[in-house]
Amino acid sequence: MKIRNLARPLASLAVLIGFLGIAPDVVAQRTQAEPPATPIAFPAADVVFPEGVAVHPVNGQLFVGSTANGAVYRGDVRRPERGLSVFLPGGADGRTTAIGMKVDAKGYLWIAGGATGKIWMYDSITGRLLSEFWNGLSASTFVNDITVTPDGAIYATDSNTPILYRVAPDAQGVYQFSYWLDFRGTALEYTQGFNLNGITSTADGKYLVVVQSNTGKLFRIATASKEVAEIPLAGGDRVTSGDGILLDGSTLYVTRNSLGLIVKLELAADLSSGKQVGSFTSSSFRYPTTIAKWGDRLLVVNSQFNRRGTPPNPELPFTTSLVSIP
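Okay, so the sequence shown: first residue is 1 according to this note's numbering, each after it adds one.
A hint or two may mislead.
For lysine-lysine, the following DSSO-like pairs were computed, each having C-alpha atoms within a straight-line distance of at most 27 Å [claimed, not checked]:
{"id": "1", "residue 1": "K275", "residue 2": "K264"}
{"id": "2", "residue 1": "K106", "residue 2": "K226"}
{"id": "3", "residue 1": "K226", "residue 2": "K206"}
Beta-carbon label-pair distances, calculated as ranges [said to hold, decoys possible]:
{"id": "4", "residue 1": "L316", "residue 2": "T38", "range": "37 to 47 Å"}
{"id": "5", "residue 1": "W134", "residue 2": "E81", "range": "18 to 28 Å"}
{"id": "6", "residue 1": "R128", "residue 2": "P57", "range": "44 to 54 Å"}
None of these hints come from the bench; they were simulated from the model. Here a beta-carbon is modelled for each residue, glycine too, at the ideal position from N, C-alpha and C.
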């Protein structure tokens, strides 16, 4: 996720494609028919500018965070017509913003804190704060997105500092925070701008996959050895403006926020390479950021970051789209 303040949103995807120098016919050839979408609405008056989304793997409880004040909203993916309501009030526990989030197998809700440098751990049923972790960086940090591996560990990206964080239970079951991987000297080089963003993991937890927004590159990280390798895409494709990502078997979905697209990639079995096999958009998308999967549908957060000007001029209510996967 990257929060942008744009005075005037671009008029259309075609204008944006031309601005970025991308051949419109290439995008058109790859873009699939618009899938059915159901909006899940926030309270009508709430100025949310949402970013992260998580869904409980068993009960279908849906969580979406606000970058405006750190509030976390809850809904039921099985009853989208009920909309979303405040679950964790903004500002509570020092949570002034809420970026990426995940719910693990134990029902713990993990929230990345952006420029606060924090990660919060909550009971997703009661809303009780279970633990809080801080990276100790008062500047040049943006804890962005989170993934969970089967061993109960969570990994979090930092878009400004070349470190991957890990929080995992020790032998006594106490969760410990660590600067797990320093990217300096690896294949993943931080450059000017917004770097690591979305993160996901394989079902067995052997590999992590991350996207570097400013370069459009994807990387594979081995959790056993910490080896970092780029995942080259066929034809030299890149996914600039890559935000939230989701790995489903060998299929990787990448949200390209400023393009309003979700790109579908097929990766090799060992994640050593990949190719784009399609993409789709929706008239319901409003600068989409992160995604979560429920059955054969994706939950897509409509951030409206392109309307976060001075003053902001969002379309109300804010929504999250429940989209059938084409």
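Results for each hint:
For the suggested pair K275 and K264, the alpha carbons sit about 9 Å apart, so the restraint of at most 27 Å is met. A threshold of 27 Å between alpha carbons decides the hint, and for K106 with K226 the separation of about 26 Å falls inside it, so the pair holds. For the hint pairing K226 with K206, the CA-to-CA distance comes to about 10 Å; that is within 27 Å, so the pair holds. Taken as a hint, the range 37 to 47 Å is violated for the pair L316 and T38, whose Cβ atoms sit roughly 18 Å apart.
The supplied range of 18 to 28 Å is broken by W134 and E81, whose beta-carbon atoms lie about 39 Å from each other. Under the hint 44 to 54 Å, the C-beta atoms of R128 and P57, about 20 Å apart, miss the expected range.
Going down the numbered hints, you'll see the structure goes against 4, 5 and 6, while the others check out.
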